[in-house]
Amino acid sequence: MQYLVSVIDDNVGLATPDEMAAINAFNDRLKVEGHWVFAGGLAAPSSATVIDNRGEEAIFTDGPFLESKEYLAGFWIVEVAILDVALKLAAEGSKHCNRKVEVRPFL
Amino acid sequence: MSVVDVREVITQAHHDEWARVVASLARRFGDLDVAEEAAAEAFATAVERWPADGVPPNPGGWLTTTANRKAIDRIRRENKRDDKQKEAQSMYDDPPEPLDAIDDERLRLIFTCCHPALAMEARVALTLRMFGGLTVPEIARAFLVPETAMGQRITRAKAKIKAARIPYRVPSVQDLPGRISGVLAVLYLIFNEGYLATGHDTDPVRHDLTAEAIRLTRLIRALMPDDGEVAGLLALMLLTEARRTARISVSGELVTLDEQDREAWDAALIAEGQRLVRERLAVGVAPGRYQILAAINAVHTSARHMRDTDWSQVVALYDQLVRLDPSPIVALNRAVAVAELDGPEVALVAVDRLEDKLADYHAYHATRADLLRRLGRSQQSRAAYAKAIGLAGNTAETAYLTRRRDQLG
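Chains as they are written, first to last, in my numbering: chain A, 1 to 107; chain W, 1001 to 1409.
Just so you know, the hints here were simulated from the structure itself, not pulled from any lab data.
Any given hint could be a false lead.
What the hints assert, rightly or not - Here are a few chain W residues that sit away from chain A, every Cβ distance over 10 Å (derived from the structure):
no., residue
1, Glu1138
2, Arg1206
3, Ala1282
4, Val1283
To be verified - The following label-pair restraints were derived from C-beta to C-beta distances:
no., chain 1, residue 1, chain 2, residue 2, range
5, W, Asp1319, A, Asn24, 43 to 53 Å
6, A, Phe60, W, Gly1393, 47 to 57 Å
7, A, Val32, W, Asp1319, 38 to 48 Å
8, A, Ile82, W, Gly1061, 27 to 37 Å
Ideal placement from N, C-alpha and C gives every residue a C-beta, glycine not left out.
Put together the whole structure using the sequences plus the hints.
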């Protein structure tokens, strides 16, 4: 089963070198243990562009689709046998990247 | 067998078999909804048939078979036959778990109901419904929540179990201690809600909830007889429940330990609780939180009179507890024992240190009020009683605090 582990940030700022080193070490472990699917960090919400092409022509809007204090700063996708393992990995991920995380199953 | 006898047999079967029936169905069909409804239908069928047909020789077996049939009927009706059977098959095909895993389906059920990914109130509701077999209206009444809201809470919890794929299994051995303490926290919360019911319109003691918590903890203990904290929590509940009738006066007022009629304590519950505490002491493994709390209550219930209480033992046990759990509430309870051992003045110094953390907690003010009263500082005591009364949520406690305040000279 695959779960999305979203990293939630509330103070604009990229990961510090120490945090980055911890995240890399954690990523390596995910690969060794066979949990790795994908992961990545995201640029600040202000860099986002929203596109709506449901109408006649595509509308491009500057900025995130949702203005909020907390935003998605990055994510992991992990492959695990049961939710409990995903929760445990997420708890470790939160420690390593020094941010809150959220776990959600893929359909 | 008379109709009344049959009804008693059904009530007993409900207590003994509900969790087993739900658990085995949940395992077979991989769906708590199906398990819950089929179990409820099976019991309803028993109520219908047993008075006329007689009680079957093996009520548990009859209920499981009937519930299985109901579940299959239901799945057919819903026309989801293929999916569900595939799902059921996949649950059967789970690789066998290591032998050291405790194998009882009811344990899978309780660990699922108390999974950390669920909100605490959802865990409580699910545990009472799925494991305890209480109906939604019963649980709603117990927690003073409208029936529809409680129904939604349970439905949402079941939906989350399905969508997030909360596993239906006993946690791995390394996770077990943490997960057991999660289960015990749910049971203790149910017990405490019964023992010191909050809400201005409820009975001060809800025997239905304390009894249910004890029954479920007994069941967990039967499933995990070697776990010290499970035994500790059961002992703690028994030794607390033993004092239940002495704890509320005829006029509905809280009676504190020093004023309780100890003759009214339940000797059988005390004997059972103390036996459990002695058993745990004999094992010689460092006790956890519930075992220490049980030991403290064992000391209290060993004293024929308040003045016979071995307070140095009580304080020593609290010292042990503080090392495990340095929370201000433990420190407050320790101070109450210190007042008996070293006097109210020493205790008050300790209590006053907790002000920052406990300013909104009624027991902090009630404890201060009592210590100030004993020190003859009536005016300050009166103010502390007033704060405690303002914060207390239990009707018997409010009545007690009000009388104490009014008795001040």
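For each hint, the structure was consulted:
Annotated as non-interface, Glu1138(W) keeps its C-beta farther than 10 Å from every C-beta of chain A; the closest such distance is 30 Å. Here Arg1206(W) stays apart from chain A, with its beta-carbon at least about 33 Å from theirs, past the 10 Å limit. Against the 10 Å criterion, Ala1282(W) stays outside the reach of chain A, whose nearest CB is about 34 Å from its own CB. Val1283(W), annotated as away from the interface, keeps every beta carbon of chain A farther than 10 Å; the closest lies near 29 Å.
Our hint of 43 to 53 Å for Asp1319(W) and Asn24(A) holds, since their Cβ atoms are close to 45 Å apart. Distance hint check for Phe60(A) and Gly1393(W): the Cβ-Cβ separation is about 55 Å, which falls inside the suggested range of 47 to 57 Å. The beta-carbon spacing between Val32(A) and Asp1319(W), approximately 45 Å, falls within the hinted interval of 38 to 48 Å. For the pair Ile82(A) and Gly1061(W), the supplied restraint of 27 to 37 Å holds, since their beta-carbon distance comes to about 31 Å.
In terms of the numbered hints stated before, the structure departs from none.
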